[in-house]
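Asks: Generate coordinates for the entire structure from the input sequences, incorporating the hints supplied.
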Amino acid sequence: MDLNSKNEENLDFMIETMKKKLQLVNSGLIQGSDYSLDKYDDIKELYDMIMKMNSFSVRDLEGIVSELGAMKSK
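Everything in the sequence shown is counted per this note's numbering, starting at 1 for the first residue and increasing by one.
If you're looking for bench data, these hints aren't it; they were derived computationally from the structure. From a predicted model like this one, the values you see are computed outputs, not experimental measurements.
Computed spacing ranges between beta-carbons, pair by pair:
#1 S27 <-> S55: 15 to 21 Å
#2 E8 <-> E45: 16 to 22 Å
#3 L37 <-> V58: 27 to 33 Å
#4 N54 <-> N7: 28 to 34 Å
#5 R59 <-> D2: 30 to 36 Å
#6 N54 <-> K6: 26 to 32 Å
Even glycine gets a Cβ: it sits at the ideal position worked out from N, Cα and C.
Replies: Here it is as structure tokens:
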């Protein structure tokens, strides 16, 4: 999968993969459809960072979820 192509399928893939890696309890609150392609580069940057991390502290999780929330389309 070429994540450099900005499309809805790649956006959904990144969101779902991040949710799985973070093991979010309320993962239903974060859906790919909540995000605009305008935020694709920001989400890709966050995705790349998360994929490089081996573990997450509570502070890491809070920060990541907060960032995802801030990127949602209003």
